[in-house]
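Quick note, the sequences are listed as chains A, W and S, same order. Read in our numbering, the first sequence has 162 at position 55, and its numbers run on one by one without any break. Read in our numbering, the second sequence has 49 at position 45, and its numbers run on one by one without any break. Read in our numbering, the third sequence has 236 at position 78, and its numbers run on one by one without any break.
Honestly, the hints are just simulated from the structure, not real lab data. Any given hint might turn out to be false.
[To be verified] These stretches of chain S come out as covered by chain W in the derived footprint (C-beta under 8 Å, 3 or more residues):
{"id": "1", "region": "204-211"}
{"id": "2", "region": "223-233"}
{"id": "3", "region": "320-326"}
[Unchecked claim] Label-pair restraints from in silico Cβ distances:
{"id": "4", "chain 1": "A", "residue 1": "Asn188", "chain 2": "W", "residue 2": "Arg239", "range": "58 to 68 Å"}
{"id": "5", "chain 1": "W", "residue 1": "Asp669", "chain 2": "S", "residue 2": "Val260", "range": "23 to 33 Å"}
{"id": "6", "chain 1": "W", "residue 1": "Val366", "chain 2": "S", "residue 2": "Ala291", "range": "49 to 59 Å"}
{"id": "7", "chain 1": "W", "residue 1": "Leu514", "chain 2": "S", "residue 2": "Lys299", "range": "30 to 40 Å"}
{"id": "8", "chain 1": "A", "residue 1": "Asn188", "chain 2": "W", "residue 2": "Asp114", "range": "53 to 63 Å"}
{"id": "9", "chain 1": "A", "residue 1": "Asp124", "chain 2": "W", "residue 2": "Glu240", "range": "31 to 41 Å"}
{"id": "10", "chain 1": "W", "residue 1": "Lys82", "chain 2": "A", "residue 2": "Ser111", "range": "21 to 31 Å"}
{"id": "11", "chain 1": "A", "residue 1": "His155", "chain 2": "W", "residue 2": "Arg239", "range": "36 to 46 Å"}
{"id": "12", "chain 1": "A", "residue 1": "Arg116", "chain 2": "W", "residue 2": "Arg239", "range": "50 to 60 Å"}
{"id": "13", "chain 1": "W", "residue 1": "Asn354", "chain 2": "S", "residue 2": "Ala291", "range": "37 to 47 Å"}
{"id": "14", "chain 1": "W", "residue 1": "Asn520", "chain 2": "S", "residue 2": "Arg244", "range": "53 to 63 Å"}
{"id": "15", "chain 1": "S", "residue 1": "Gln326", "chain 2": "W", "residue 2": "Asp114", "range": "15 to 25 Å"}
No residue lacks a Cβ here, since even glycine has one placed at the ideal position from N, Cα and C.
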Amino acid sequence: MKISRKKNRNQILMKFDGELTIYSAMQSRDLIFQDQEAWPELVALDLHAVEELDTAGVQLLLLMDKLQRARAGRVVIDSSNEQVDRVLELLDITHHFAPGVSQ
Amino acid sequence: MNLDGALKTFFAEAEELLVSMESAMLRMEEGDTSADTMNELFRAAHTIKGSAGLFGLDAIVAFTHRVENVLDRARDGKVEMSQELLSLLLPCRDHIATLVAHAMKQEDNDAECLAHGQGLLESLQPWLDSEDAEIAAPIGVENASSDLTLATEPGRDLWHISVRFGPDLLRNGMDPLSIIRFLGSLGELVHITTIEDHLPELALFDPEQLYLGFEIRLRSDADQQAIEEAFTFVREEAELRILPPRSNVDAYIKLIKSLPEFIHRLGEILIKSQALTYQELEHALSTQKQQAKASASVPLLGEILVQEQAVAPAVLNAALDKQKKNAEKQASQESRFIRVDAERLDALINLIGELVINRQRVDLLAGKLGNSQLIEAVTAMGGFTEQIRDAALTLRMVPIGDSFQRFRRVVRDTAKDLGKDIELHIEGAETELDRSMVEKLTDPLTHIVRNAIDHGIEPMTVRQERGKPAGGTISLTARHDAGNIVIGISDDGGGLDLERIRQKAIANGLLDETTNLTRHELYQLIFHPGLSTAEQVTNLSGRGVGMDVVKRNIEALQGGIEIESELGVGTQFTIRLPLTLAIIDGFHVDAGGIDFIVPQNTILECVDLPSTHHIEGQHCVNLRGEQVPFIRLQELFCLTQKPGRREKMVVVQFGEDRAGIVVDDLHGEIQTVVKPMGPIFQALKGIGGSSLLGTGAVALILDVPQLISYAVNVENRRNNSVLADVQRSSS
Amino acid sequence: MNQSSGKKKNTVAAALTKQFLTFRVGSEHYGLELNQTREIIEYAGITEVPLMPNFLRGVINLRGDVVPVIDLSVRLGRKALDIQKRSCIIVVELHGQDQDHVLGLLVDAVSEVIEMAESDIEEAPSFGANIRAEFIQGIAKQEDQFIVLLDANNALSIRELAHLVEAQLQ
Chain A
108 MKISRKKNRN QILMKFDGEL TIYSAMQSRD LIFQDQEAWP ELVALDLHAV
158 EELDTAGVQL LLLMDKLQRA RAGRVVIDSS NEQVDRVLEL LDITHHFAPG
208 VSQ
Chain W
5 MNLDGALKTF FAEAEELLVS MESAMLRMEE GDTSADTMNE LFRAAHTIKG
55 SAGLFGLDAI VAFTHRVENV LDRARDGKVE MSQELLSLLL PCRDHIATLV
105 AHAMKQEDND AECLAHGQGL LESLQPWLDS EDAEIAAPIG VENASSDLTL
155 ATEPGRDLWH ISVRFGPDLL RNGMDPLSII RFLGSLGELV HITTIEDHLP
205 ELALFDPEQL YLGFEIRLRS DADQQAIEEA FTFVREEAEL RILPPRSNVD
255 AYIKLIKSLP EFIHRLGEIL IKSQALTYQE LEHALSTQKQ QAKASASVPL
305 LGEILVQEQA VAPAVLNAAL DKQKKNAEKQ ASQESRFIRV DAERLDALIN
355 LIGELVINRQ RVDLLAGKLG NSQLIEAVTA MGGFTEQIRD AALTLRMVPI
405 GDSFQRFRRV VRDTAKDLGK DIELHIEGAE TELDRSMVEK LTDPLTHIVR
455 NAIDHGIEPM TVRQERGKPA GGTISLTARH DAGNIVIGIS DDGGGLDLER
505 IRQKAIANGL LDETTNLTRH ELYQLIFHPG LSTAEQVTNL SGRGVGMDVV
555 KRNIEALQGG IEIESELGVG TQFTIRLPLT LAIIDGFHVD AGGIDFIVPQ
605 NTILECVDLP STHHIEGQHC VNLRGEQVPF IRLQELFCLT QKPGRREKMV
655 VVQFGEDRAG IVVDDLHGEI QTVVKPMGPI FQALKGIGGS SLLGTGAVAL
705 ILDVPQLISY AVNVENRRNN SVLADVQRSS S
Chain S
159 MNQSSGKKKN TVAAALTKQF LTFRVGSEHY GLELNQTREI IEYAGITEVP
209 LMPNFLRGVI NLRGDVVPVI DLSVRLGRKA LDIQKRSCII VVELHGQDQD
259 HVLGLLVDAV SEVIEMAESD IEEAPSFGAN IRAEFIQGIA KQEDQFIVLL
309 DANNALSIRE LAHLVEAQLQ
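Looking at chain A on its own, in the form it has when it is part of the complex (with noise of 0.2 Å):
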């Protein structure tokens, strides 16, 4: 999986290409976390060219959340595919990536 970022003041829009899973989840982990302690606020997500998304990928998603969470910041989905969003309404997950909503 190849991660594309792009900074500016408030908020870093991510872009994840290729498959989320179990397969690459030790790369795909330092790929997203290595600037975790830079990151703005707001950490957008662009998710539309992720190939496949399983439950390994869904960890590393809900571990981004659970990060900025702790920092008073969020994490959003700006855009998606059709199986990501099957997958995270099929794990009801959708709540923690929906903008301006809090848990």
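Given the structure of chain A, go ahead and fit chains W and S onto it with the hints provided.
For chains W and S alone, kept in the frame of chain A given last:
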């Protein structure tokens, strides 16, 4: 990750199950109405669906599920397994096989494939009742996730499934998503709560470990066992609690208490998922507090659940026990098989081969030392080595019946396509041969069978004109014969027209008008590339695989193929293959300075040859009143003659007759590992491999039938008729 | 054309060197690519195979594998080799289309391994050499000695050898 191993097992098992489904359906088409066959069919589909679900192979699950529904209804007698339905179910099974094959190769199911599946399911509609047709995922979804809508209907008449999976679930190649989707296929997922409470801090987070738990509310008519089945592979490490529909408040309270997360959190979850109301929760918790105060003992969290809840685990356990018992019963009824990696088996056999060679060296050395105790011990060891060898070799043998059975489908479909009625008759299915040969035989056999169906068996009208029964018969037979396996493919069709073959050969320039060939030689022309006597090369048998390729394939296995035919009556192909066991029992001899080994199973006896027979040109000896023709290896192989020795003769079985092989010396029985000689020696007749003696010297293994054929040819060229007569009368 | 040893090779050419095992058959010297040769063994007896053409001396037991032995002299069109003190068998491994083939070559003596830059290997002369042109990969000169570098895939083509055997048996 264990994924590969488990997945491979799934594919291997799925293939077997698909074969058994086809076989069951074909039997049902032919009138088998037994409950056993119906169950076999249903169970196979059910197992494929279930296992596919665990690996997230949702396309397979979705399609197979519908098929399984129809089979379930048939099993219950709600629909009849008519010819019409069976004709639909067979292509459905084929489609499942296609989906499995795609999954195995990790290919996507393209639009055409999915449309095909959709079409099949639509045609099954009349056999599905409206309920079944609605529930279950629609097919045709590319990305394998089913369309599961989460309804929001309240109520406690839902199953509540609480699961905390083992931390290694992801590492072991499973994914909770598949299990959840599978549950969805049993009904309707009304609500799911993902428990993320156990996600650690980033520093402690292991991306391959599973931290999530789930509380699932499911509407389903399935029974508890069916729901548990979703968790079969993960049961051991998972904490699973299932509350049946209409469990009361207390049951839920107990559930909350037994779960590791914080009570209020759980309470909230249950309220949110509408298992409890807020009041009920408060009431129950306050009651508990009061009780605690009264008894001055703190009720334990994780306390055993109340009656209703306690039923659930008991029911679970009882169900598990029952499952275990059923599995055992089934296992003892069928023969117990285990799956063995083919490479490991070959490695084992190679090692045994080395053991055999080494044992011979030890034998020799023991003999040289002359120590009788040692010799005795070594002989005993030899006995065990033989037994190990035999046991290992039988592992590689498989009954040819398995291959033969596959032809049932080929014959049925092909005959149907051509509008012919053909029955397949199988004999000798239990005849065993080496695994590796079976695979190599499939193509040639298929070609011959297709030929028989296509060109051999005449159309019904023609058959009736000829006074034959309207339905044709193709027979596949197999038997052992003196170190060979003999396979016969025969049909009662039109037979081969020798005249047409001759004309065709002339037309192709293979033959000129004036040449006279024997029947045998004319038949052999069929194996000539470029000679097809069918008027059209149909799609079925004319795929560029000609009879010449068939012959080459058979010869590559060191075998031979013969044809016999009678115009208007039928045709018979006979394939003869040596049983190339990796280790054979042999008899060590020498001739002209070279060591030879005669395969033990061809030997009848060994005798001295009186010196009066050392006459050039005389090749027959009187053995107890019977004339036995013989071959002198020295002569045949043009080896250096050894003067004046007393020669020995090994009498061997040759077809229905006996023949002798005359050698210089006999050296006794040995076991020997067959070592192939390599492609350079391909054309060598009479020698079927080489072997290493205890001394390290190379010995040549005689191929007795080939040897005698070769000798006959040599004789024929010298116009000596004795052996040639024997050859003709025994073939 | 550059002559071989003694000259300084430039770095480009130096990168393109090949190693050859050189040996003697009769009075001539030959070489085979080192990466095709597996090992050299002493001549310690051979089992004849009946009715084979002259180039096929027989088979030997190579640590449990039965390997055919080719008389290279006969294969190259000369007379059969006598077994001498230094006679040995070079075990060669060729990679064919579907399988690998192992052969033994009977030679009079093995010399040494040489390294030749591609640029130092001359083309085979189109006349004079009484060996089939396609058997020769090139000619190398090593201290006044001409070494015929063989193209093993042609000179030892299993297909051709098998055909020769078949022809012999007709």
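Right, here's what the structure says about each hint:
1. Counting residues of the region 204-211 of chain S whose CB falls under 8 Å from any CB of chain W gives 6; the rule of at least 3 is met.
2. With 4 residues having a Cβ less than 8 Å from any Cβ of chain W, the region 223-233 of chain S passes the three-residue criterion, so the hint holds.
3. Note: the region 320-326 of chain S has 3 residues with beta-carbon separation from chain W under 8 Å; the three-residue rule is met and the coverage holds.
4. For the hinted restraint 58 to 68 Å between Asn188 (chain A) and Arg239 (chain W), the CB-CB distance of approximately 34 Å leaves it violated.
5. The hint said 23 to 33 Å for the Cβ distance between Asp669 (chain W) and Val260 (chain S), and at roughly 31 Å that hint holds.
6. For the pair Val366 (chain W) and Ala291 (chain S), the beta carbons lie near 53 Å from each other, so the given range of 49 to 59 Å is met.
7. Taken as a hint, the range 30 to 40 Å is violated for the pair Leu514 (chain W) and Lys299 (chain S), whose Cβ atoms sit roughly 53 Å apart.
8. Here the CB-CB span from Asn188 (chain A) to Asp114 (chain W) is close to 20 Å, at odds with the stated 53 to 63 Å.
9. Checked against the hint of 31 to 41 Å, the C-beta distance between Asp124 (chain A) and Glu240 (chain W) comes to roughly 37 Å, which is consistent with it.
10. Checked against the hint of 21 to 31 Å, the C-beta distance between Lys82 (chain W) and Ser111 (chain A) comes to roughly 57 Å, which is inconsistent with it.
11. Distance hint check for His155 (chain A) and Arg239 (chain W): the Cβ-Cβ separation is about 37 Å, which falls inside the suggested range of 36 to 46 Å.
12. Between Arg116 (chain A) and Arg239 (chain W), the C-beta spacing of about 52 Å keeps the proposed range 50 to 60 Å intact.
13. Between Asn354 (chain W) and Ala291 (chain S), the C-beta spacing of about 42 Å keeps the proposed range 37 to 47 Å intact.
14. Under the hint 53 to 63 Å, the C-beta atoms of Asn520 (chain W) and Arg244 (chain S), about 59 Å apart, fit the expected range.
15. Judged by the Cβ atoms, the range 15 to 25 Å given for Gln326 (chain S) and Asp114 (chain W) is violated: they are separated by roughly 55 Å.
Hint violations for this structure: numbers 4, 7, 8, 10, 15, all remaining hints satisfied.
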